[in-house]
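Undergrad: Model the placement of chains Y, E, P and V on the given structure of chain Z, informed by the hints.
Residue numbers (the numbering used here), protein chains in the order written: chain Z, 169 to 808; chain Y, 100 to 200; chain E, 12 to 513; chain P, 4 to 520; chain V, 236 to 427.
Since the hints were derived computationally from the structure, they do not count as laboratory data. Quick reminder that beta carbons are idealized off the backbone N, C-alpha and C, glycines included. Watch out, some of these pointers could steer you wrong.
To be verified - Stretch by stretch, here's where chain Z covers chain Y in the computed footprint (C-beta under 8 angstroms, at least three residues):
| # | region |
| --- | --- |
| 1 | 116-123 |
| 2 | 169-177 |
Said to hold, decoys possible - Quick look at which bits of chain E chain P covers, simulated, 3 or more residues with Cβ under 8 angstroms:
| # | region |
| --- | --- |
| 3 | 28-40 |
| 4 | 496-510 |
Said to hold, decoys possible - Computed beta-carbon distance windows for the label pairs:
| # | chain 1 | residue 1 | chain 2 | residue 2 | range |
| --- | --- | --- | --- | --- | --- |
| 5 | Z | Ile799 | Y | Gly103 | 25 to 35 angstroms |
| 6 | E | Met26 | P | Leu211 | 48 to 58 angstroms |
| 7 | V | Ala302 | Z | Leu785 | 50 to 60 angstroms |
| 8 | V | Ala241 | E | Val291 | 37 to 47 angstroms |
| 9 | Z | Leu803 | V | Ala241 | 45 to 55 angstroms |
| 10 | V | Val294 | Z | Leu803 | 50 to 60 angstroms |
| 11 | P | Arg452 | Z | Leu729 | 35 to 45 angstroms |
| 12 | P | Arg452 | Z | Ile722 | 39 to 49 angstroms |
| 13 | P | Leu47 | Z | Thr234 | 20 to 30 angstroms |
| 14 | V | Glu418 | E | Val77 | 50 to 60 angstroms |
| 15 | E | Val291 | Y | Gly103 | 24 to 34 angstroms |
| 16 | V | Met416 | P | Pro155 | 50 to 60 angstroms |
| 17 | E | Asp73 | Z | Ile799 | 48 to 58 angstroms |
| 18 | P | Phe209 | E | Gln499 | 51 to 61 angstroms |
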Amino acid sequence: MELFLYTALFSPLVGSLFAALFGASPKTKIAGIVPSILLGVSFLSSLILLVLVMGTGLTLHVEMMTWMATGDLYIPFGFVVDEVSVTMMIVVTLVSTVVHVYAIGYMDHDKGFNRFFSYLSAFVFSMMILVMSDNFAGLFIGWEGVGLCSWLLIGFWYHKESASWAANEAFIMNRIADLGMLIGIFLIYWNTGTLQYEEAFAVMPSLSTDILTWMGIFLFIGAMGKSAQFPLHTWLADAMEGPTPVSALIHAATMVTAGVYLVVRANPLYELIPSVGLFIASLGAFVALFAASMALVNRDMKRVIAYSTLSQLGYMFAAAGLGAYWVALFHLMAHAFFKALLFLGAGNVMHAMHDELDPFKMGGLSKVMKGTFLMMTIASVALAGIFPLAGFFSKDLILEVAFVEHHYIIYTVLLFTAGLTAFYSFRLVALIFHGEDRYKLFGIHPHEAYKFMLIAMSPLLLLAIIAGAFKMSYFEMVTNLLPATEYHVHSAATYWIMTIGTQIFVALAILYAYKKYTRKDIVVPDGTSKMENSFAYKLLINQYYIPYFYQEYIVKAYRELSEVFWTKIDQKVVDATVDGIANVFYQTGERTRVMQSGNLSTMLKWMVAGTVALLSLAVVFGLAARYSAEIKTFLSGLGV
Amino acid sequence: MEIGLNHYLVLSTILFAIGLLGVIRRKNLLMLFFATEILLNSVNISFAAISHYYGDLTGQMFAFFVIAIAASEVAVGLGLLIVWHKKHNNIDLDSMSTMRG
Amino acid sequence: MLSPVNVSIESLNLMTLVPMLIPIVGALLILVIDLFKSEQDRSLYVMLSLLILGVDFISLMDSASVFHKNGTIMGVFDVMLIDGLAILSQFIIVGASMLFIPLALTHKRFHEFSYPEFFALFLFMIAGFQFMVATDNLILIFVGLETASLALYTLIAMHNRDKSFEAAVKYFTMGALAAGFFSFGSMIFYALTGSVEINQIAEVLSANKYADIGFVLVGVVFLLASFGFKLSIVPFHTWTPDVYEGSSAALAGYMSIVPKIAAFIVAMRIFEFLIHSGVVWLEVILYIFVVMTMTLANVWALVQTDVKRMLAYSSISHAGFVMAAILIGTTQSNSALFLYWILFSFTNLGSFSMLWISRQKNLPAHQQSDHSYNKFAGMIKTAPVAASIMALFMLSLAGLPPFGLFWGKMYLVSSAITSGYTVLALIMVLNSAIAGYYYLKLIVYMFMREPIMEDSGHIYSANATLPLKTIIGIAAIGTIFAFLAINQLLEFITMFVYNSGY
Amino acid sequence: MLDHILSILIFFPALAAMLGFVVHKDSMRSYGVAVATIEFALSLWLWFAFDSTVSGMQFMEQIALVPTFGINYIVGVDGISLFIVVLASFFTMIGIASLGETKDIKNLIITLLFLQMTMAGVFSALDAIVFYVFWELSLVPMLYIIGAWGGPLRIYASVKFFLYTFAGSLVMLVGMLFMAYFYFQATGQWSFAILDWYRLILPESFQLWLFVAFFMGFAIKVPMFPFHTWLPYAHGQAPTIGSVILAAILLKMGTYAFIRFSLPLFPDASVYFMFPIAILAIIMIIYTAMVAYAQKDIKQVVAYSSVSHMGVIILGTFALNVEGITGSIFLMIAHGVVSGALFFLVGVIYDRRHTKYMSEFGGLAHVMPRYATIFGLMMMASVGLPLTINFVGEFLSLLGFYKQSHILTLLAGTAIIVGAIYMLAAYKKMFFGVVTKEENKHLPDVNKRELIALIPLAIITIWLGIYPKPVLGTINTSVESVVSLMHEKAQTQEAKSRIPNIAKEASAAKNSVEEAH
Amino acid sequence: MFEAIAFYLFAFLTITMFYIAVTTSQALYALSSLAAGMIFISAFFFILGADFLGAVQIVVYSGAVMALYAFGMMFFDTTRDVKEKQGNKAIILGLSILSAILIVVIVSAPIVGNNIEAFYPMTEGAGNVQEVGMVLFTKYLVPFEVAAVMLLVAMVAGIVLAGKKMDLSLTLMTEAEILMMKEEDKNKKALS
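Extracted from the complex, chain Z is given alone in its bound form:
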């Protein structure tokens, strides 16, 4: 059994190293094919493990070797395959296999083809470590590993200034969150004495709530960074500078969900601190709405999808925060499928449009790109949560959870967001695939993607459609580990009203979007329309001015402060002090060397002067000694 585990874990690494061998050589297909096959192997292994876990209910726990051991600290490279991790493994390996195959086509013309696969497989490996690790340190390895790969991949086209900038932004923002996570790990270690999940969680109930709350908060800060929750969300949209398969794999399906995974994984902790959970849920709901609102007006196809991802992550956190861990995980899984699909579709469009991203410049592509059109539509439907696609089952469940747990505000927000989601998804679909062929204005000749790319996408398509069917079996499996709370609205009537009401609401939103954006008179906005000048539009298109704020008041301030530290403090104060002290001596020497005038008479005078000075001192002292009694009387008379 361990064999499968190791296969699943290490075949991506092998693939990565294989591709890396060709890193400096010109593009070879084999550098793409071999990692893809290896990922397929990894997927199969994961599948076997899934079957095993599902079938037997056993969890697999191996300890490969010691990593760090000092004092009381003991951290092994330990891996666990249980219901939660195996879910993630399946999601990760499946999506990444698809994306790999897809990328063989997508990156076809890129010079960095070999390098790309090396990075991508390395990412998968890191992600596998993240989800399979049996302790927090191992999680952190994967956590940072995916961060590194994300940096490499976002900045893959490093010659673009924006790409390398976005890569750095992503890395640094993640680092900020990682610090929180690190502190969380320290807290866990010093309070429980271990970093193994099982042992640590076993001790936790005996700890004070304060400490647990801090642990929960710091771990969640970590999750916030990786999952791009407010206020650390700006990097995700910028990360769209990376190649589209990267966006699909990393910034939609897997890495960004790591935060959710963390919260789910740490459910025994969060169970103990419901107040933090509520905070997470509230933040999730807020982000869901917040991100959706920005997606409404954005004119960058990939960014819209990225905001949508953000919004969906909000959903997941809302579920997880309310204690519905399995629901969160389920939505995570479903979301991975349809969102990856959506991204890959968008990749096809980009390819066709020669990297044009503004949907206003497209339109009517459904004629040339039928397959892509189909897939993206289905993915959008799933995203919108229309029955019977995957999104319906998972997303509706979250609404139910919020409702059942009596968090009506969250419920309302999420419900409203569902409408927005439907609107912006279909705004995109409508703008890209329907209406006038606006692309012709720009002299582009779009074409459908390679067949095998579409075929590669098909598993995702399938899963986006049918994933909802696995809800119950999944529930049974995963609740071996997670709290098995079933969320049932008390009365059937309410349930049906809610469900159908939601569906109608969403459907209306879709229709509205279609109506609005399939019109013939849609033109590429040029900033003159009334809407574009409205405050709300400006606020949304500028992402609530948050990036601006960060740039102006944090990045710039940091740079200026750094300059000040260097030029003013380091050079003018610290170093100048040191040199100043040295100079005092030197200048004393320069100034007083005139004493050595070389004139004998002066020398004699110095000698006499020295003697006279000494004599005066001697007289003073001698007099003081002789009249010490009198001096004392005198001084005491003065009251000294």
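TA: For chains Y, E, P and V alone, coordinates are given in the frame of chain Z:
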């Protein structure tokens, strides 16, 4: 008006001070040497006086050796002056300040 | 009427005079040889002096073993005082003289060495210093001091160029003033105690419990001024740089060691008992002197452009450093003084010899003085071995372990700490750091700059002969491998110092 | 031979350097490589012969030097010093092997061999004076390396380096002499042997002063804020090999000395000064990282990053528990490897372009992909990515200090953020974007000679990042004994509670294990 | 009374003479007044009963030293006015006045302890010269001999320094010049 030891000591120190005055104001080396002679001689008076008042001969011994020393110094000092004078034709100490700093 | 004097020869302990008599006899011998046959080569006189000093050294060893057996000996009507200090310092005086006299055998001819009188005066001077340290009678100290000084003035002048005359005259004049101070100071002590012997003075003073502290201080002031001159304590130091610059490097090196150790011994004898009797004033004044001398000499050394002048200031600073030993006044500190001075002798011998072998007769245009810094620019390229050796001496002077001077410095600082002079210890080490700069400056010139003239390697050893190289070799070995000898030296010195009651 | 292996390690390079004067200029490189390889092999042998289960000193040698004054030549290694000794010889080896065309290469190699002697000496000396001797002596070769082969400001830089450190260590010498005096007072014997000193329990007030005295020497060497300004100059002006050894080994002397002297000798003072020093360390971390961000010269970036990382090491040291101290020692090695490698890398580009200004570059990833890869790896190691060598040390150091203070660790933890900021920014400036400068368009990638240095370092970076156990275990054993010694010696209540009692914990752990069985 | 008159008289004279010696700009005056002062000092010695010392003072100073100085003066040709540039007069004045006041003030206070025991007491009934001789050749035999050496040193020094050989400096000559000079010397000798 008994002349005590102190009288001699005061006299001696006055002479010593005169010697010091000479040492610091003389620029002509020869005359500077005169001043150093005065320094040594002034002390001799004290030695002799102390010796007298204590009835102890050590002071006179000291004075005797001081005289010897003074005499030797004259010899060496004059020797130095002669060499200097031969080369520079002056014995002004302001002329000898090539080394400084 | 005077009664006839009856003294037995045994009670005179005439043996105590032997170490001083040997150089005197030797000097006379040299004068006599010259009388019979003049125009002899200087090598004859160098070797003769070396032999005489060797014999002197052996006789000192003899005295040392006697001291070891019987302790302090007084001799010749109790004028001579052969205690540990006297023996140790004579070892240094004679030993250092032996190391310095071969420096006369230069490749180039210099004026002084053409005189046999030079060597005679040299030996007389040594005898003078020996008398100075081997007595506690102020008269003999004075006479010995003057004998040595007069000889020394002459030796300086015999180099026979303007600067050396100037140096000699300056030295002489200030020396005369210092002699005046010395006699005045002695007079005051004589007036106070009726004696000119230091131990008697001490006894009398402590018997009347320092009733006249004011006068004691005045006496101390004058003695301090005169020994301040000899030891080049700031502000009585002004002669030092000029005299060092004016005299030949060999003699300058000699002056930085031998006259000073003699003066230190006397200072130790005079001031030690005063400090131990709780004369706070003296302690304060010495403290100020020590700090001033170390620090100011250092800052002046910083700005020098001539290496020899820099070394002059540096030796002032070292003297101030060692003066701290007298201030501290424990057995450890006094032992440290000797240890320091022995190690300093080797290092300074080396550094001045290095200057000496690079002495040119005519200065090239870029060189303002005999040994200006830029003369040594890029020396590592043109004369690597010489540069390395010179650097070695500089590092040792800077107190970099494990080279010789470090051990002395360490032991001295330790003695300060042991006696509670923590701040002084800190000042001492920080001064070492300042001093590091100017020693480093020479290293920087030698190792890090480009040579000003191509193929100038020969000038660095233009004056070298086998004897000179041997001396430098001895100095280098003594500096590098000092750590092997520290233990024996320390044991030896401590025993002598301790048994002399210091 | 094994009995004297430390002495051989110390004096073999010195002897070789002496003989090196005779070797012809053209053959000098081979000679240097041969000697350094032998030295490295010897140090490896030392490692293999080292018994990692023993916590005390091994391979001790003792020769009387100045017994009257308690100075003896005592050397020995324990887990704390072992790896730095190995690392030193390793760096000397690859440093010499990767030397490019340099003027006066003969002098350079001889100097490096002397430097190797002093480094081996510092880390194996067990007598304070012997330690001091090597400590000071190490300045001289470095002075020469910077001063003779450095950039335009080399003389200023080298003299500043020398004098600054020299001044600091002289204060330390006063501390040592004081310590010996206290020992003398307590026992009537002079001794400078560190192991003797360990047995001495000092009153807290003395400890404080002595701690400060030692601190001056160590802090300047490390260099801790605000004594760090010599370092950018030294690095900025030094030739590649000088920077490499300076960063990799010489700086470690300071932090090593903290662990060897300050902690075990003055446990109470260590606790007393823990927070002030931690605050200094945090300033070092954040402030210098920001200063690094403002640099225009890539070498200065790496130089300031060194200071920043040294802050973490200091923090780990003053965690005063096994985790933190072990971490800080490991981080010393890690930082040695990584910053050494970074300086090598900077040297590579400097050799080609003779400039270190980042604005001169851009898009190098395209021209020199292998170079960019190795640089990227080292940069990631430098910012503390897990599975690289740095992370282990940084993680443990911070983890250790977290026990002492939450909020300060939180501040110190910003190291991982600010570190990323300047490193990524620098990397971006140099390697990303398009090649704009004509002269950059045809730069050759790293050559074989440079790879000799870089590949081993890359391998170590990853190897010890993944499998630090062989090193960590050995360090741990020795650190445990240090910590338990500190706990025993601690007198104040504060110190007793801050420094964990390992003996108790160990027995408790044992009990729990037994129960489990 | 006589002693007092003599003391004050000679005190006045010596002070005057020495003052002239250090202030006059005429070298000849200075020399003469110095010599006079020396002789007056010997008067104190006689007053104090130190006959031997008085005699030595006159012989050595007025005889030997003054003669030497007189020769020197003739050699230096300083019989005319000596111009001495004075730097900062204030310093000189200040220093000298300060030192004078200090020393005098200090020493005018009663200095002597009461119970001083003479180590080498004067013997009743013996002449001063005899006493001195006795002490000089017992206790101070060594200093006396050393003083003899010192005088020898001074003599040698004087001869060397004032000698003709100093006129040409080997130090400043190159080797070639030295050889040439030696050669000439030989030739001269051979000729003579």
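Undergrad: Decide, hint by hint, whether the structure agrees.
TA: Cross-check of the supplied hints:
Coverage of the region 116-123 of chain Y by chain Z holds in this model, with 3 residues showing a Cβ closer than 8 angstroms to a Cβ of that chain against a need of three. With 0 residues having a beta carbon nearer than 8 angstroms to a beta carbon of chain Z, the region 169-177 of chain Y misses the requirement of three or more and the stated coverage is violated. Given as covered by chain P, the region 28-40 of chain E fails the check, having 0 residues with a CB less than 8 angstroms from a CB of that chain where 3 are the minimum. Residue count for the region 496-510 of chain E with a Cβ under 8 angstroms from a Cβ of chain P: 5. That meets the three needed, and the coverage hint holds.
For the pair Z:Ile799 and Y:Gly103, the beta carbons lie near 29 angstroms from each other, so the given range of 25 to 35 angstroms is met. Range check, E:Met26 to P:Leu211: about 56 angstroms between beta-carbon atoms, so the 48 to 58 angstroms window is met. Checked against the given bound of 50 to 60 angstroms, the beta carbons of V:Ala302 and Z:Leu785, roughly 42 angstroms apart, lie outside it. The given range of 37 to 47 angstroms is respected by V:Ala241 and E:Val291, whose C-beta atoms sit roughly 43 angstroms from each other.
Taken as a hint, the range 45 to 55 angstroms holds for the pair Z:Leu803 and V:Ala241, whose Cβ atoms sit roughly 47 angstroms apart. For V:Val294 and Z:Leu803, the hinted distance range of 50 to 60 angstroms is satisfied, since their beta carbons lie about 57 angstroms from each other. The hinted window of 35 to 45 angstroms between P:Arg452 and Z:Leu729 holds, with their beta carbons roughly 41 angstroms apart. The supplied range of 39 to 49 angstroms is met by P:Arg452 and Z:Ile722, whose beta-carbon atoms lie about 44 angstroms from each other.
A hinted range of 20 to 30 angstroms holds for the C-beta pair P:Leu47 and Z:Thr234, which are about 23 angstroms apart. Between V:Glu418 and E:Val77 the beta carbons are some 54 angstroms apart, a value that agrees with the proposed interval 50 to 60 angstroms. At about 31 angstroms, the beta-carbon gap between E:Val291 and Y:Gly103 stays in the expected band of 24 to 34 angstroms. In this structure, V:Met416 and P:Pro155 meet the distance hint of 50 to 60 angstroms, their C-beta atoms being roughly 51 angstroms apart.
In this structure the supplied range 48 to 58 angstroms holds for E:Asp73 paired with Z:Ile799, their Cβ-Cβ distance being about 56 angstroms. In this structure, P:Phe209 and E:Gln499 break the distance hint of 51 to 61 angstroms, their C-beta atoms being roughly 33 angstroms apart.
Comparing the model with each numbered hint stated earlier shows that hints 2, 3, 7 and 18 do not hold.
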